[in-house]
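Participant: Take the given structure of chain A and dock chain B to it, following the hints.
Just so you know, the protein sequences line up as chains A and B, in that order.
Per the numbering used here, residue 52 is the first one in the first sequence, and the count goes up by one each step.
Per the numbering used here, residue 52 is the first one in the second sequence, and the count goes up by one each step.
Bear in mind the hints are in silico, worked out from the structure with no lab data behind them.
Source: prediction; values computed, not measured.
Check each hint, because a few of them may be wrong.
Copies of the same chain are indistinguishable here, so a pair counts whether it falls within one copy or spans any two.
What the hints assert, rightly or not - In silico SDA-like pairs for lysine to any residue, Cα to Cα no more than 20 Å straight-line:
(1) K320 - V375
(2) K120 - E172
(3) K254 - D200
(4) K364 - V381
(5) K380 - D137
(6) K322 - N373
(7) K380 - T332
(8) K120 - P262
(9) K320 - L382
(10) K364 - E383
Number of protein chains: 2
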Amino acid sequence: MSEETPSPQSSYSTNWVGFRPEIKVLDCTIRDGGLMNDSRFSDDVVRGVLRACAAAGIDYMEIGYKNSKKLFSPDQYGAWRHCDEDDLRRIVEGEDLGGLQLCAMADAEKSDYKTDILPREKSALSMIRIACYIHQIPLALEMARDAQDKGYDTCVNLMAASTVQESELGAGLDLLCQSGARAVYLVDSFGHFYTEEVRYLVKKYLIHARPHGMEVGVHMHNNLQLAFANTVEGIVAGANYVDATMGGLGRGAGNCPLELLLGFLHNPKFKLRPVLECLQTHIDPLRAELGWGFDIPYMITGLYNRHPRSAIKHNASEDRGNHVAFYDKVLEDY
Amino acid sequence: MSEETPSPQSSYSTNWVGFRPEIKVLDCTIRDGGLMNDSRFSDDVVRGVLRACAAAGIDYMEIGYKNSKKLFSPDQYGAWRHCDEDDLRRIVEGEDLGGLQLCAMADAEKSDYKTDILPREKSALSMIRIACYIHQIPLALEMARDAQDKGYDTCVNLMAASTVQESELGAGLDLLCQSGARAVYLVDSFGHFYTEEVRYLVKKYLIHARPHGMEVGVHMHNNLQLAFANTVEGIVAGANYVDATMGGLGRGAGNCPLELLLGFLHNPKFKLRPVLECLQTHIDPLRAELGWGFDIPYMITGLYNRHPRSAIKHNASEDRGNHVAFYDKVLEDY
Chain A
52 MSEETPSPQS SYSTNWVGFR PEIKVLDCTI RDGGLMNDSR FSDDVVRGVL
102 RACAAAGIDY MEIGYKNSKK LFSPDQYGAW RHCDEDDLRR IVEGEDLGGL
152 QLCAMADAEK SDYKTDILPR EKSALSMIRI ACYIHQIPLA LEMARDAQDK
202 GYDTCVNLMA ASTVQESELG AGLDLLCQSG ARAVYLVDSF GHFYTEEVRY
252 LVKKYLIHAR PHGMEVGVHM HNNLQLAFAN TVEGIVAGAN YVDATMGGLG
302 RGAGNCPLEL LLGFLHNPKF KLRPVLECLQ THIDPLRAEL GWGFDIPYMI
352 TGLYNRHPRS AIKHNASEDR GNHVAFYDKV LEDY
Chain B
52 MSEETPSPQS SYSTNWVGFR PEIKVLDCTI RDGGLMNDSR FSDDVVRGVL
102 RACAAAGIDY MEIGYKNSKK LFSPDQYGAW RHCDEDDLRR IVEGEDLGGL
152 QLCAMADAEK SDYKTDILPR EKSALSMIRI ACYIHQIPLA LEMARDAQDK
202 GYDTCVNLMA ASTVQESELG AGLDLLCQSG ARAVYLVDSF GHFYTEEVRY
252 LVKKYLIHAR PHGMEVGVHM HNNLQLAFAN TVEGIVAGAN YVDATMGGLG
302 RGAGNCPLEL LLGFLHNPKF KLRPVLECLQ THIDPLRAEL GWGFDIPYMI
352 TGLYNRHPRS AIKHNASEDR GNHVAFYDKV LEDY
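Only chain A is shown next, with the shape it has when bound in the complex (with noise of 0.2 Å):
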C-alpha cells in the first residue's frame, strides 16, 4: 500500500452503520399517490397501507388531503381528498397502531378548514400538514394557527422550491419559521434539484427553523432518478422528517421509495418486511392502471423546471413515446 492511502480510522464504512434517533418517517403514499387517480383508493389498498405502516415502524401515515367538497366533488373524487372522520374511522377501527400516528394535509386555498377541520378530540388524525406556495404564506399561518389551537400538531410544506428566489425564499422561511409548526419542509415539487443544492437549502432551511425550535423536513421526487439519493442528501444536511411512498407511488415521476429509505435508516425500529409485503399485495397491482415512475417526459420537466402536468398530458396523449417531439415542444416554449 502507498503511504498516501487513508488510514483505517477513516474507513468509508462507518458514517451510515449507526442511526439517528430524531429521523421521522413520514409515509404519504395514499395522500400523494391520490394525484394519480383522484383519491379513488379501496379501503383494502388503505387499510393494507395502514398496517404495513404500523408493522414497520413508520412515524406517520398521511392518509389524504382535508381539501374542500366545492372544489373537489364527493361524485368525482374519492373519501381521501376529504378524509372525513367516518371514513378515517373504518379504516382504523380495531387496527394495531402501535406507534403510528395519522395526518393529513390541507392545501391553501384548496381546504375548508375552518370547518373540515375537527377539534383533535374527535379526530382519528393527530397532524395536519399545511401545503402552500410561496404567495401563500400568510393564508398559510392561519391555518396553522386554526389547526394548532384545535389540538393538532402541525407541519408547513412550502411547495416548489425550486421556483422560488433565493431572497424571497429567506423571506418565506422567516414567516413559516414563525408558525410554530413542528416542520419546515423542503418540497421539491418538480424533481428539478441536485444533490448539492438539496445540500445547501437543507442547510439553508435549518438557519432559519433552528432558531425556533422547529425541524427541517424533505420531499423529493424522482423526475431526475434523484428522490431516494436527494432524500438521504438531505439526511446527511440535517432533516430529520423525511417522506416517502411505498414503490414511490405519487405524482409524475413519483417519490422517493419507502423500501429505498428503509434500507438505508439503520434504526431498528424500521422493518423492511411489511413494506416488501404491502408493495405485492397492493402497491405493484396498481402500477398498470395509475403508471407513475419515472420516464422521459418527466425527466425534461424536472431538467427544465416545469410542473409535471404537461409530462402527464403528453403521455396520455396519442403521441406518448415520441419523446423528441415532447422535447422540441418543451424548448419551444422555454
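Facilitator: Okay, now just chain B, sitting in the frame of chain A:
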C-alpha cells in the same frame, strides 16, 4: 431575511452551471446491455446507438466484448460478444463518427486477447477496456500491456469494488496504477454503494492514480436507484471518465442513464436530442423483452451486497413478484 441567511455569493446555483472539459463520456449500452440478451443486438440497433453517440458528442462507444469464442460460442452469443473486425466494419462503414471513438471490453480469463485483439491499425477500435476482479490483477496487467503494445489506449476496470477489503483495494490500486492505462475505474457491479462511499472511494482512487498521470472513472448500477446520483458524486469528487447507457440498459437494475447524465453535464458539445431519438426508436422497444431496470429483487441484492444473478433468476421464475419470498431467502442465506 434573517442575518444568518447565506450571502448571495454562496448561491446554490453556481456550482453546476459550468462544466469540466476533461470529462469523457463512455456509452456502454451495447456492451453492458449485452448481458441481458447474450449480446444479440440487431445491426439496426447497434448502428442506431452508434449514430446517436456520434451526434450527441459522446467520446467513446463500447460496442461489445472481446470474449473467447471457446467460452462464448457464436452459436449462442451474438456478434457483440466477440467484436470481430468484419462485424465492426459492417456497422461503421460510411458513418460519420465525428469525435466518437470505439472501444471494447476484454474480461480477464474470458478473452483470447493475444490472438483475438488485432493490431490497432487493423481495427476499428481505438481503446480496450480490461475488466478484472481483485484476484485477476496480474493477468489484467498482462492484458493491458498486450493491448498497449498493439497500439491501443486502455482502461482498467476493477469489478465488484464493494466486495473488496480496503487494505487489499489499496494494494490492487497500486498495481493497476502501474498499468499505463488512461484510467482506472471504480465499478459498483452490485449496485451497493451509497453516495458517501462513492465520494470516499473516488478520492482514494485518485490518490493512487494521479501520481501516475492516470484518471479515475466510474461505472455505477441502479439497484438502489443511485446510479445517476453516484455518477454525479463521482464527477464532483474528481472522476473524469464516466460510463452511462441509453435508457440505463444494462444487467439487472441497469446503469446510469445517458440521458440523465447529458442533462447534468453542461458542456455544449453534448446534445440530448439524438439520445432521446435513439431511445424511442431503438431502446424503448427492447424493454419488454430484456426487462432491465430497478425492481425490488435487485434492490435486495444491492442492499445486501450480492451479485444480481439470484435476482435475475428469481425474476425469471414463477415466484416473480413475490418480493417477500426472495427477501426471506436472501436473509436465510446471509
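Participant: Could you run down the list of hints and mark each one as holding or not?
Facilitator: Here's how the hints hold up against the structure:
Within a single copy, K320 and V375 get their C-alpha atoms only as close as 46 Å, which misses the 20 Å cut-off; across copies the closest is 19 Å, which meets it. For the homomeric pair K120 and E172, neither the shortest alpha-carbon distance inside one copy (23 Å) nor that between copies (74 Å) is at most 20 Å. In the homo-oligomer, the alpha carbons of K254 and D200 never lie at most 20 Å apart, since the shortest distance is 30 Å inside one protomer and 52 Å across protomers. In the homo-oligomer, the alpha carbons of K364 and V381 lie at most 20 Å apart inside one protomer (13 Å), although the nearest pairing across protomers, at 41 Å, exceeds that limit.
For the homomeric pair K380 and D137, neither the shortest alpha-carbon distance inside one copy (46 Å) nor that between copies (41 Å) is at most 20 Å. Proximity of K322 and N373 under a CA criterion of 20 Å is satisfied inter-copy only: 17 Å between copies versus 41 Å inside one chain copy. In this homomeric assembly, K380 and T332 come within 20 Å of each other (Cα to Cα) only across copies, at 19 Å, whereas the closest approach inside a single copy is 39 Å. Taking identical chains as interchangeable, the C-alpha atoms of K120 and P262 are never at most 20 Å apart, the minima being 38 Å within one chain and 68 Å between chains.
Taking the shortest alpha-carbon separations for K320 and L382, only the inter-copy value of 18 Å comes in at or below 20 Å, while the best intra-copy value is 47 Å. Only within a single protomer do K364 and E383 lie at most 20 Å apart by alpha-carbon distance; the minimum there is 17 Å, versus 46 Å between protomers.
When held up to the earlier numbered hints, the structure conflicts with 2, 3, 5 and 8 and fits the remainder.
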